[in-house]
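Peer 1: Just so you know, the sequences run in chain order A and B. Numbering-wise (our numbering), the first sequence opens with residue 33 and increments by one. Numbering-wise (our numbering), the second sequence opens with residue 33 and increments by one.
In case anyone wonders, no lab produced these hints; they're calculated from the structure. There is no bait here: all hints are sound.
Copies of the same chain look alike in the list, so a pair counts if it fits in one copy or across any two.
Distance condition first, Cα-Cα at most 16 Å in a straight line; then the derived EDC-like pairs of lysine to aspartate or glutamate:
#1 K401 <-> D439
#2 K328 <-> E419
#3 K202 <-> D287
#4 K435 <-> D351
#5 K372 <-> E117
#6 K372 <-> E419
#7 K92 <-> E236
#8 K435 <-> E350
#9 K276 <-> D200
#10 K157 <-> E124
#11 K202 <-> E277
#12 K421 <-> D327
#13 K304 <-> E408
#14 K34 <-> E196
#15 K276 <-> E198
Protein chains: 2
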Amino acid sequence: MKIIDGGVLAAKGFKAAGIAAGIKDNGNKDMALLFADKPAATAIMTTSNMVQAAPVQWDKAVMIESPYKRAVVVNSGNANACTGETGMRHVEQTAGAAAELLGVSTQEVLVSSTGVIGVVMPIDKILKGVQTLVDELGDDAQHADDAAHGIITTDLTTKSIAVEIELDGKTVHIGGMAKGSGMICPNMATMLSYVTTDAAIEPECLQKLLAKITQDTYNMMSVDGDMSTNDTVVVMASGEAGNKEITLNDVTSQDFAVFSEALYYVNEHLAKSIIRDGEGATKFVEVTVSGAATDKDARILAKAVIKSSLVKTALFGEDANWGRVLSSLGASGVVFDPLKVTLVFFSSAGMITLLNEGVPIAFDEDMAKKVLSEKEISIMVTLKAGEDKATAWGCDLSYDYVKINGDYRS
Amino acid sequence: MKIIDGGVLAAKGFKAAGIAAGIKDNGNKDMALLFADKPAATAIMTTSNMVQAAPVQWDKAVMIESPYKRAVVVNSGNANACTGETGMRHVEQTAGAAAELLGVSTQEVLVSSTGVIGVVMPIDKILKGVQTLVDELGDDAQHADDAAHGIITTDLTTKSIAVEIELDGKTVHIGGMAKGSGMICPNMATMLSYVTTDAAIEPECLQKLLAKITQDTYNMMSVDGDMSTNDTVVVMASGEAGNKEITLNDVTSQDFAVFSEALYYVNEHLAKSIIRDGEGATKFVEVTVSGAATDKDARILAKAVIKSSLVKTALFGEDANWGRVLSSLGASGVVFDPLKVTLVFFSSAGMITLLNEGVPIAFDEDMAKKVLSEKEISIMVTLKAGEDKATAWGCDLSYDYVKINGDYRS
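Can you make the complete structure from the sequences, with help from the hints?
Peer 2: Here's what the structure looks like:
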């Protein structure tokens, strides 16, 4: 597997555009269009929040009709969530306008929105934006970058990645773009993430693979413990690479393994990029829980640590207040023996053991400070309760998180 | 019911003391002793965190032997949690020293600790402190105030309350003291809370009543969503008021109703005081969810709103970003119909309706700012799913929360 340029347009068979349609007051790009030259095998994961934005409801409905899609229209600056019947009508109008201009059916168009909740969409600007997007479609690096800009909100940077692999003797590409960076604690998928590939793969197989990958990537991260109304990840496969189509019969094949690994890599990269750009984040934190009795226990425990406000503020303050890690594990609802827990903090500056099978270890405070001064911190918890393991990603909790979210609408 | 002075010593039959034993570096008071002249009927609720501090383990063990207790020794500045076998030995030494000096049995002494986790107790200072506490025991207002100071950590103020009622023709007193103010999201009881009464009441009856009251008071509050390793609430009844002992046979009596109401009032007051003094809090927030399908749903939903970092930062910023309330309800795991939800914010400055049965209501931003500028904010959610209702209490999330917890150990 080779990392390449090109982002969401690295794969053959796709075009994109990103523009400023005037939804954001500051004149930044706020719409993007992703277009597949031919119907693409499409998989989707969306938020499990009971309150789902209108575009999420639309996407779920049209995916039931057929898993082959042609386009995704995305806007940032307005989530089109809690907007009632008006919101649903606006999604249909958006998909309808794109479909007409692109010469495809309305049911072949997915729609995503992100931004403030509960505000009616400026539908005239959106529809005018769709027209401009269609006019500006293209397949070069600039178009991929424009699209990546069109989907972000409070993100400080765009998030893109692409890789190249070989399947069935053919060169295959996978690329993607995503946006964060607050209300991040997905429980099906991340905020918004779009991945394209020119691999040929059956939609059912792609959907199963995406569900599994989402579980291990987007669902294992948290900026602030708040699950969004709009979380969506979409993977579209054009088949243009010309490999023999991967189906559910091939899940033990070498090709499937190579493709899975590459698709996992792209999504993990996008998930980690979202955390790195978490609102106000100054540190990237990885928590690994091993020796758990079950996979579920390991996941719950790792996420409990990453979600604790007190762990997060201690990391911001570069304070080795490790008791908070133990307390968050204990509060998770998982049953374990505290007297068997081993806890280690490490970073590129070194490693400190805080607790060894329940016994606190005297550690060098200067060394601890050094370890925690790095931008990337790892917390390793071992339970001695079994064989299962999980990793979660998150960030610290800073003054800037409070600032960004104290006046988000203003 | 009349509110009176005297705090934890308002009830007859108790003495207390509070001193600086040198556990805190800043010279502030850090130990307290509560002493009952005769064995007192005692009820206790402790944290459900899997990681339980040594004193919590001790208290649970000695309560099984007998529900009649004579004393509680409390220290602040060190939680004696995650301290292994050494921690357990230190609790036994502490209880043993107090028992010997007070002329009671070791099993009649409860112990509580609060402060940093994972640091071995300065046991020599503690044992010397126990001696001083016993020497300084007294029953006046100054002693109650000293004890209330002895149990606090990052709290800005002490928390005390006392009331007077009449039972069986006798005057009965209930008083208490508590400490907050971080790692507050109890799931059995609050951080530390001690309530005394001179009512005569059977221990089994007191325990059942305390369990019920804890569910509706301490368990419905959250400063930061982090459940402590040390949460403990203790109620001791001396029987000195001379009323006919209240037993489990009296739960339908007028006396039981009056006593229950007063005990609820004292504990609710202490719980709310903890929230008002939440770390960095600038606002007290009450969330009421009504029209829920079940009592459990109502509790989960109210706590989901109070725990959301994004709701809390919006309240700090006085921003009516109500979509975050909807999103936190939707992320709670409770099933409900978003199109039936009504949402209202109110305070002493007025009321704004944000959502009426799923339809967003245009509101006056100036009025919203006025409503949210107050120090006490209420959020009212109606679901139209049933008859159940619950109220939770919390606070906003401010820069100061991050500051206080970024360098707690330093």
